[in-house]
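Colleague: Top line first, the protein sequences correspond to chains U and X.
Sequential numbering of the first sequence, starting at 43, is according to our numbering.
Sequential numbering of the second sequence, starting at 43, is according to our numbering.
Please note: incorrect hints may appear among the correct ones.
It does not matter which identical chain is meant; a pair holds if it fits inside one copy or across any two.
To be verified - Straight-line C-alpha distance at most 20 Å; calculated EDC-like pairs for lysine to aspartate or glutamate: (1) Lys205 / Asp283; (2) Lys154 / Glu59; (3) Lys72 / Asp188; (4) Lys161 / Glu57; (5) Lys161 / Glu117.
These are calculated hints, taken from the structure and not from any lab test.
Protein chains: 2
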Amino acid sequence: MGEPMEYASSGVDIELEGKAVASLISSLGKSVRAPGTFGAPVPVPGGFGGLIEFGEYYLALATDGVGSKLQIASEVNRFESVGIDCMAMNVNDLLCVGAEPLAFVDYVAVPKPDPEFHKQLGASLSEACRLARVTLAGGETASLPDIVNEVDVSGTALGFVAKGQQITGEFILEDDVLIGLASNGIHSNGYSLVRAVMKRYQHNYLDDLPFDRTLPNGQQALSFADVFLIPTSIYCDPIVDMLNCSKEIAGFERSDVHGLCHITGGGLTNLLRLHPTFGWTIDSPLPVHAEFDWLQQQGEITDWEMYRTFNMGMGMVIVVSRTVAQDILEWLNSRGHHAQIVGAVHNQGKQVTHLPTGSTYDAY
Amino acid sequence: MGEPMEYASSGVDIELEGKAVASLISSLGKSVRAPGTFGAPVPVPGGFGGLIEFGEYYLALATDGVGSKLQIASEVNRFESVGIDCMAMNVNDLLCVGAEPLAFVDYVAVPKPDPEFHKQLGASLSEACRLARVTLAGGETASLPDIVNEVDVSGTALGFVAKGQQITGEFILEDDVLIGLASNGIHSNGYSLVRAVMKRYQHNYLDDLPFDRTLPNGQQALSFADVFLIPTSIYCDPIVDMLNCSKEIAGFERSDVHGLCHITGGGLTNLLRLHPTFGWTIDSPLPVHAEFDWLQQQGEITDWEMYRTFNMGMGMVIVVSRTVAQDILEWLNSRGHHAQIVGAVHNQGKQVTHLPTGSTYDAY
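Between the sequences and the hints, there should be enough to build the whole structure, so can you do that?
Modeller: This is the structure we're talking about:
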C-alpha cells in the first residue's frame with residue numbers, strides 16, 4: 043500500500059493545462075463573421091459545444107479525443123470500443139446544447155499504418171455512427187512515426203438545432219429536478235488514474251478480474267481489459283428523441299428540459315458549468331459500478347476525488363421541471379434506459395453536494 | 043552524395059497507408075441518414091470534402107493535420123505558422139467542392155501543456171481564422187505524455203454550399219483551361235522528404251540559408267527554418283469571391299468553374315481525382331520556388347518524384363471554360379493573386395503530363 047492516489051498525481055497537471063488553454067484563448071481574436079450572418083459565433087455558457095449561426099438554425103461543432111483510454115486498447119490490441127468512445131465524447135457534448143448530431147469525421151495519428159487496427163477502428167466507427175445516427179463524412183489517417191508512439195484517435199461531430207430551441211441552462215429554476223442517466227462504465231475519462239492504480243500493483247490488463255462485473259452485453263467480464271474497455275455510452279438515444287417529444291403525447295416537451303450535462307473529466311463538477319449561481323444536490327445517486335469501488339479501494343482514493351474524476355455510474359444529467367420529472371423518467375424507463383431522479387437544483391450558493399458521501403465542489 | 047532520394051524511402055510507407063485506409067473504409071456501414079433528409083451523405087468524386095444534406099444546402103466537413111512539418115516547428119520552437127497550416131489544409135479542401143468555409147475547430151495533442159506554445163498557436167489560429175474568414179467554434183488540447191513525443195495539431199473545417207452549386211468535376215470539358223494559383227512555398231506536404239534531405243547532410247534548421255529566397259512578407263529568408271516554416275496559402279481569398287462573381291460584372295460566374303484542385307500530398311497526381319477519364323497537360327508551369335530546386339539538387343531527386351511529392355510552386359488549380367479563362371485570370375491578378383494559365387484538359391487518356399520535364403502520372 044502507499045499514499046492515497048489522486049488524479050493530479052497520476053501524470054496530468056490540471057493547473058498547467060488550464061494555463062495553456064487560457065493562454066491559447068487569450069491569443070484569439072474576434073470572429074470575422076458578423077452577428078446575424080452565416081458562421082457568426084453564438085456564445086453558449088458552459089462550453090460543451092460551440093454554436094454558429096446558419097439561417098434559421100444553429101450549427102454546433104464538438105471536437106475531442108479518446109485520451110489515455112487508448113493506451114489500454116493499444117496494450118491489449120483491442121480497438122473495438124475506440125470509435126464508439128470517440129463518437130460519444132463528441133456527440134454527448136453536442137446533445138448538451140440541445141443539438142442533434144448529424145455527421146462525424148475522425149482523425150487518427152499512427153506511428154505506422156496497420157490494416158488490422160484500421161479494420162477494428164472502421165468497424166467501431168461504423169457501430170458508433172449507427173448508435174449516434176450520424177453520417178461519417180470523412181476522416182484522416184496520418185502516419186507520424188516521430189510524433190506519436192502509439193495511436194491517437196480524435197474526432198469532430200457536427201450537429202444542428204433550430205434557433206430558439208438551443209439549451210443553455212438559462213431557464214433552469216430553483217427546485218428543478220436532476221434525472222441521472224446511467225453510464226456504461228468508466229467511459230473515457232479518468233484513465234490516467236486508472237492506469238496509475240494498475241501500475242502501482244503491477245496488474246496486467248489481461249489478468250483475471252478480481253471482482254464481479256456483468257458487461258452491458260450481459261456477459262461476465264473476465265479481465266480488467268473487458269471492464270476498462272467498455273465503450274462509452276452514446277446518449278443520442280434517448281436525448282434526441284426526448285427533446286422531440288410533444289406535451290400531448292408524452293406529457294412533456296423540449297422546453298421542460300432546462301439543462302443537460304455530460305459528466306466527463308471533472309465528474310460532478312461539470313454541473314457547475316450549467317448555471318452561474320445555482321447549486322446542485324445529489325441525494326439519490328445511481329448505483330456505482332464495481333470497477334469504481336475496486337479502483338477506490340486499491341488506490342485508497344477519497345470519495346471526494348472519485349466524484350470529481352469519474353462519472354461514478356452517471357453519464358448524463360438532465361435538469362427538468364419538477365412538474366414533468368416523473369413523466370420524463372417514465373418515458374426514459376419505457377425506452378429501456380436506466381435513469382432515476384438523483385437530486386435537485388437549489389439556490390443556496392454555486393456548489394455541488396453529493397449527500398451520501400458529504401462531498402462538495404465549488405470549482406470546475 | 044548517396045542514392046537519389048524519394049518520398050517513399052523517407053519513412054512513409056504509402057502502400058501500407060493505402061491498405062490501412064482501405065481496410066478502415068471496407069469496415070464502414072451505410073449511413074443511417076436516408077437520402078433527402080438532414081445529414082444524409084452526398085457522394086462527391088475526388089474526396090476533397092464530404093458533403094451532407096441540410097435542407098436547401100449541403101454542409102461539408104474536412105479534417106486534416108499539419109503532419110511532419112510540425113517536427114521542424116517543434117525543433118526550432120516556432121509555431122507561428124502551425125495554425126495557418128492546419129487551417130489551410132482543411133479549408134482548401136472544402137473550397138474544392140465549391141463550399142465556403144464557415145467554422146473551424148482544432149485538436150492539439152501535447153506531451154505536456156506549455157503556455158508559451160499555446161500562446162503562439164492561439165495567435166496563429168487567430169490569424170488563420172481571419173485569412174479563412176471562419177469562426178473558431180471550439181478546440182481541444184489533450185495532454186497525452188505516453189502517446190505523443192511532441193505536439194500534434196489537427197483540425198476540422200465546416201463549410202456550406204447551396205444545393206446545385208457544388209463543384210464536382212462532372213462539368214469539366216475537353217479543352218478546358220487550367221489556371222494555377224501560386225503557392226507560398228512547400229505548404230504542408232512532402233516534409234518527410236524535406237527532413238530526410240536535411241538529415242542526410244546534417245543541416246540544422248537554423249543554419250544560414252545557402253540560397254536566395256524572399257519570404258511572402260518581402261523580407262529575405264535567413265535560415266532553413268524561415269523557408270520551411272512559411273505558412274501554407276489559404277485560398278478562401280480568392281476562391282470564395284471568385285465563385286460568387288456574376289457574369290454581368292466580372293464576365294464569368296460560378297458555372298464557368300468546372301473543377302478545383304488542392305495540390306497536396308501527391309503533387310500533380312491530385313489532378314487525377316477531378317475526373318474519371320480526362321487527362322491534364324501542364325505546358326506553362328508557375329515558377330518553382332528556390333527551396334524546391336535546392337531540395338532536388340541536394341537529394342538528387344528526379345523531376346518525376348518532385349512533381350508528385352511537392353506543389354512545385356502551384357498550390358491550387360482552377361479548371362475553367364476556355365471562353366472565360368482570360369477574364370478569370372485578369373480578375374485573379376487584379377485582386378493581387380499570382381495566377382497564370384498553366385495548361386489544359388485533354389481527352390487522350392487519364393494522365394497528367396508535365397511537358398517541360400516530360401513527367402507523366404496515371405495514378406494518384
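Colleague: If a hint holds in the structure, say so; if it doesn't, say that too.
Modeller: Each hint tested on the structure:
Taking the shortest Cα distances, lysine 205 and aspartate 283 sit within 20 Å of each other inside one copy (18 Å), while across copies they are farther apart (28 Å). With identical chains, the CA atoms of lysine 154 and glutamate 59 are at most 20 Å apart between copies only, with a shortest distance of 8 Å across copies and 28 Å within one. In this assembly of identical chains, the alpha carbons of lysine 72 and aspartate 188 never lie at most 20 Å apart, being 35 Å within a copy and 35 Å across copies at closest. For a Cα distance limit of 20 Å, the shortest separation of lysine 161 from glutamate 57 across copies, 16 Å, qualifies, whereas the shortest one inside one copy, 38 Å, does not.
Taking the shortest Cα distances, lysine 161 and glutamate 117 sit within 20 Å of each other inside one copy (17 Å), while across copies they are farther apart (34 Å).
Hint 3 alone, counting from the list given before, is not met by this structure.
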